[in-house]
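J.: Okay, here's what each chain looks like letter by letter:
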Amino acid sequence: QKEVEQNSGPLSVPEGAIASLNCTYSDRVSQSFFWYRQYSGKSPELIMSIYSNGDKEDGRFTAQLNKASQYVSLLIRDSQPSDSATYLCAVNPPVYRGGGADGLTFGKGTHLIIQP
Amino acid sequence: EPEVTQTPSHQVTQMGQEVILRCVPISNHLYFYWYRQILGQKVEFLVSFYNNEISEKSEIFDDQFSVERPDGSNFTLKIRSTKLEDSAMYFCASRYGVWTFHEQYFGPGTRLTVT
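Taken in order, these protein sequences are the chains called A and B.
Each residue of the first sequence is one higher than the one before, counting from 19 in my numbering.
Each residue of the second sequence is one higher than the one before, counting from 113 in my numbering.
A hint or two may mislead.
Claimed, not checked - Computed Cβ-Cβ distance ranges for the label pairs, DEER-style: (1) A/G34 / B/I132: 15 to 25 Å; (2) B/T227 / A/R46: 38 to 48 Å; (3) B/I166 / A/E23: 25 to 35 Å; (4) B/S185 / A/G34: 25 to 35 Å; (5) A/S100 / B/P114: 22 to 32 Å; (6) A/G34 / B/N163: 26 to 36 Å; (7) B/L151 / A/S44: 23 to 33 Å; (8) A/V47 / B/I150: 20 to 30 Å; (9) A/D73 / B/D174: 21 to 31 Å; (10) A/N84 / B/Q153: 23 to 33 Å.
Stated by the list, open to error - Residues from chain A that keep clear of chain B, each with C-beta distances beyond 12 Å, as calculated: (11) K20; (12) G34; (13) T42; (14) S50; (15) Q56; (16) G59; (17) N84; (18) L93; (19) D96; (20) N110; (21) D120; (22) G125; (23) K126.
No lab work stands behind these hints: they were computed from the structure.
None of these values were measured; they are calculated from a predicted model.
Glycine is no exception: its CB is placed at the ideal position from the N, C-alpha and C atoms.
All chains, please: the whole structure from these sequences, using the hints.
T.: So, in structure tokens, the structure goes:
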């Protein structure tokens, strides 16, 4: 059974600070990792993908992957009130196990609140 | 920028009725997916579709569900006889290819309410 775990929050962060969101996954051979942002009543919006150990930066967002620890994180620098949303961690198995065709396994999401 | 579209945005139906949810994936994408999200719960995979056939389905995707790509642009999810517990947001997603770096992009969703 593939599991993706996230702290549901809410995580409250002052405006301008760094928000740190964490995710662990159970399937050791998982290959692809994604962070989606979901506003209330809306669909998931892809904000970051990461496939290799280490850090990947895109603007104010940095994704970190540690496959040995089965851990993925997302850092949001200079947090803005518009960053307030639920952040979903999603995982895909490798291609040789149908990773292209298999659906994503999502965590329950972390509700992030940026306080002005 | 190309995007996935879904219709209708909201569908209300009575228990036992059939519903068809429609999606237009991004035009050069090859893999198509349906997910659902019951209110307050996580997004759950239902089915993936490639080359005009189902590639993978979850245990949620039972005989009440079917998918079809009736033409070159639409991708549909049919629920044959809706139950109260089918009430959820249904999201369509598409992906260009199979390789790791081809991310899935989600449509805006259809809210299905079964009464």
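J.: For each hint, tell me whether it holds in the structure or not.
T.: How the hints compare with the structure:
At about 47 Å, the CB distance of A/G34 to B/I132 disagrees with the hint of 15 to 25 Å. Restraint check, B/T227 to A/R46: a C-beta distance of roughly 44 Å satisfies the suggested window 38 to 48 Å. Separation of B/I166 from A/E23 is about 29 Å and conforms to the stated range, judged on CB atoms against 25 to 35 Å. At about 45 Å, the beta-carbon gap between B/S185 and A/G34 misses the expected band of 25 to 35 Å.
Taken as a hint, the range 22 to 32 Å holds for the pair A/S100 and B/P114, whose Cβ atoms sit roughly 24 Å apart. In this structure the hint that A/G34 and B/N163 lie 26 to 36 Å apart at CB is violated, the actual value being about 49 Å. B/L151 and A/S44 have their C-beta atoms about 25 Å apart, which keeps the hinted 23 to 33 Å range intact. Take A/V47 and B/I150: their Cβ atoms lie about 28 Å apart, and the range 20 to 30 Å holds.
At about 42 Å, the CB distance of A/D73 to B/D174 disagrees with the hint of 21 to 31 Å. In this structure the hint that A/N84 and B/Q153 lie 23 to 33 Å apart at CB holds, the actual value being about 28 Å. The beta carbon of A/K20 is not kept farther than 12 Å from every beta carbon of chain B, the shortest such distance being approximately 10 Å. Non-interface call for A/G34 relative to chain B: holds, since the shortest CB-CB distance, roughly 29 Å, exceeds 12 Å.
Against chain B, the non-interface label of A/T42 holds: every CB pair exceeds 12 Å, the least being about 15 Å. Interface exclusion of A/S50 from chain B breaks down, the closest Cβ pair being 5 Å apart, not more than 12 Å. A beta-carbon of chain B comes within 12 Å of the beta-carbon of A/Q56; the shortest separation is about 8 Å. Some Cβ of chain B comes within 12 Å of the Cβ of A/G59; the nearest lies about 8 Å off, and the non-interface call is violated.
The Cβ of A/N84 lies farther than 12 Å from every Cβ of chain B, with a closest approach of about 17 Å, so its non-interface assignment holds. Chain B leaves A/L93 outside its interface by the beta-carbon criterion, the shortest separation being 20 Å against a cut-off of 12 Å. Every Cβ of chain B is farther than 12 Å from the Cβ of A/D96; the closest lies at roughly 25 Å, confirming the non-interface assignment. For A/N110, the condition that its CB be more than 12 Å from all CB atoms of chain B is violated, with the nearest at approximately 8 Å.
Non-interface status of A/D120 relative to chain B is broken: a Cβ of that chain comes within 12 Å, the nearest being about 5 Å off. At the 12 Å boundary, the C-beta of A/G125 falls inside the reach of chain B, the nearest C-beta of that chain being 7 Å off. Remark: the non-interface label on A/K126 conflicts with the geometry, its nearest Cβ contact in chain B lying 5 Å away (cut-off 12 Å).
Going down the numbered hints, you'll see the structure goes against 1, 4, 6, 9, 11, 14, 15, 16, 20, 21, 22, 23, while the others check out.
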